Amino acid sequence: MAETILKVENLNVKLDNELIICNLSFEVKRGEVLTILGPNGAGKTVLLKTLLGIFPFEGKIEWKKGIKIGYVPQRVPFVKDFPISIEEFFKLKTKDEKEIREVLKLVGFNESFLKKNLGELSSGQYQRILVAWALIGNPDVLLFDEPTTGIDISGQESIYQLLERLKKEKNLTILLVTHDLSVVFKFSDYVICLNKCPICQGKPKEVVTPESLSKLYGQEIKFYEHYHGH
Amino acid sequence: MATNFFEILISGIFVGGVAGYLGSLMLSKKMTIVVDPLSHLALPGVALALIFGKDISLGAFLFLFFGAILIWFFEQKTKLPTETIIAILFTVSLAITFLFLSEHEIEEALVGDISKIGKIESLIIVLISLFVFFLIQKIYPKLTLISISEDLAMAEKIDLRKYQFLYLLSISAIVALGVKFVGGLLVAGLTALPAASAKNLSKNLKTFRLLSSLFGIISAIFGVFLFQKTNFPAGPMIIVVGFLFFIISTILKK
Numbered sequence: 001m002a003e004t005i006l007k008v009e010n011l012n013v014k015l016d017n018e019l020i021i022c023n024l025s026f027e028v029k030r031g032e033v034l035t036i037l038g039p040n041g042a043g044k045t046v047l048l049k050t051l052l053g054i055f056p057f058e059g060k061i062e063w064k065k066g067i068k069i070g071y072v073p074q075r076v077p078f079v080k081d082f083p084i085s086i087e088e089f090f091k092l093k094t095k096d097e098k099e100i101r102e103v104l105k106l107v108g109f110n111e112s113f114l115k116k117n118l119g120e121l122s123s124g125q126y127q128r129i130l131v132a133w134a135l136i137g138n139p140d141v142l143l144f145d146e147p148t149t150g151i152d153i154s155g156q157e158s159i160y161q162l163l164e165r166l167k168k169e170k171n172l173t174i175l176l177v178t179h180d181l182s183v184v185f186k187f188s189d190y191v192i193c194l195n196k197c198p199i200c201q202g203k204p205k206e207v208v209t210p211e212s213l214s215k216l217y218g219q220e221i222k223f224y225e226h227y228h229g230h
Numbered sequence: 001m002a003t004n005f006f007e008i009l010i011s012g013i014f015v016g017g018v019a020g021y022l023g024s025l026m027l028s029k030k031m032t033i034v035v036d037p038l039s040h041l042a043l044p045g046v047a048l049a050l051i052f053g054k055d056i057s058l059g060a061f062l063f064l065f066f067g068a069i070l071i072w073f074f075e076q077k078t079k080l081p082t083e084t085i086i087a088i089l090f091t092v093s094l095a096i097t098f099l100f101l102s103e104h105e106i107e108e109a110l111v112g113d114i115s116k117i118g119k120i121e122s123l124i125i126v127l128i129s130l131f132v133f134f135l136i137q138k139i140y141p142k143l144t145l146i147s148i149s150e151d152l153a154m155a156e157k158i159d160l161r162k163y164q165f166l167y168l169l170s171i172s173a174i175v176a177l178g179v180k181f182v183g184g185l186l187v188a189g190l191t192a193l194p195a196a197s198a199k200n201l202s203k204n205l206k207t208f209r210l211l212s213s214l215f216g217i218i219s220a221i222f223g224v225f226l227f228q229k230t231n232f233p234a235g236p237m238i239i240v241v242g243f244l245f246f247i248i249s250t251i252l253k254k
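Respectively, the protein sequence lines represent chains H and W.
For the first sequence, position 126 (counting from the first letter as 1) is numbered 126 according to the numbering used here, and the numbering increases by one without interruption.
For the second sequence, position 125 (counting from the first letter as 1) is numbered 125 according to the numbering used here, and the numbering increases by one without interruption.
Hints were generated in silico from the structure; no laboratory data involved.
Just so you know, these numbers come straight off a predicted model, no measurement behind them.
Note that beta-carbon positions come from the ideal geometry of N, C-alpha and C, so glycine has one too.
Simulated pairs of lysine-lysine, DSSO-like, Cα-Cα distance not exceeding 30 Å:
1) W/K138 to W/K119
2) W/K142 to H/K116
3) W/K253 to H/K91
4) H/K93 to W/K157
5) H/K60 to W/K162
6) H/K91 to H/K115
7) H/K116 to W/K206
8) W/K162 to H/K93
9) H/K64 to H/K105
10) H/K105 to W/K142
11) H/K60 to H/K203
Computed footprint of chain W on chain H; a stretch qualifies when at least three of its residues, placed anywhere within it, have a C-beta under 8 Å from a C-beta of chain W:
12) 50-60
13) 88-99
Work the whole structure out from these sequences, hints included.
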């Protein structure tokens, strides 16, 4: 049995006096992929940020001691017209040039990319750079917010292949925010359906049903069809 | 030739260079919005210092710091947009300047007066500039990350408030020195102009930082020499030269 690396008990998060996350409990074991599924405004991003220690909370969040976390945010605004090269962007996090070249290679870029301006990248390339950035420092866990946002179909495919490969090569544990059902089924061991309070959680095949989805999204027909499409 | 020409030139080079360097940190809109209004708040500080016969840089520095708190207070209390509060404070400070100062003092407050810079002042200016330079050098990577993404910065456990405070401190110090050269009205240009020109020509941070500092230094040198030749006030000269660089850089921008 793999070791537990994250334990969350009765998590409640309030921001500006509004309850964003209520009564959430779950565990993550090493090497698992956990997806967090839910509509917009359901508190998915807030959950990741709370796990990172950015937001205050009530309840318990217990990371295994010494665990290192890499974070890929949903959007990093304001990069076009930003006079910064990719190399300089990496150097904001580490001085180790060898490590920079390594993480770059891991996400499938060669060294010539280092001199490029961050603003020149396509959104797919940019997301890979952010993944590489998160991989600096050799994290055990990757928190990834909405990998599919703003990426074309071919790019979408490859970012998940990339995550699969990274998971194998680096024995990564991955927590993934998404609203894409196919990702949940293909990719994850455990899913939390979140709409402020948890609607369902468990193995995707067991808990993600038309009933739980309609409860999660409140739009039965649309998501019923989507569900059957996969 | 002014007897203190050398002191003026050296001080100008240091203040101009560090102001330009500081300007290159204003990558994001949020940071630019902080600096511009703050530098306008230098004006009442200068006015008060002149009324009480104190050094204008000291007055400006204290008021800048106080001003940041004042803006914050009005924002919290009134929920008005920052721009509105700035506009209010700025016009009031102009009004106070016109009410209480003599004609010559008004000119000094508005556009600066470098004729008073002696050996000791220039030494102090050089030392403070150097201090701010090293401070910026130290906070540069983290502040850059904060500008790119506060989320990434917080995930890296960077204390946002600490760095924003140090940034504010640097701005207050440089703007306070800057008012001696260009006065309370023009001081925002010392940081904004070199950075804007440099940004036009830069693809990476290294070039951006270097060019921004360089434009600051060259503007100051030209401004001081033109002041010497023409006897126009140096402050507006420095700003006009800075603007010329901006025009050229805009034309050269690819």
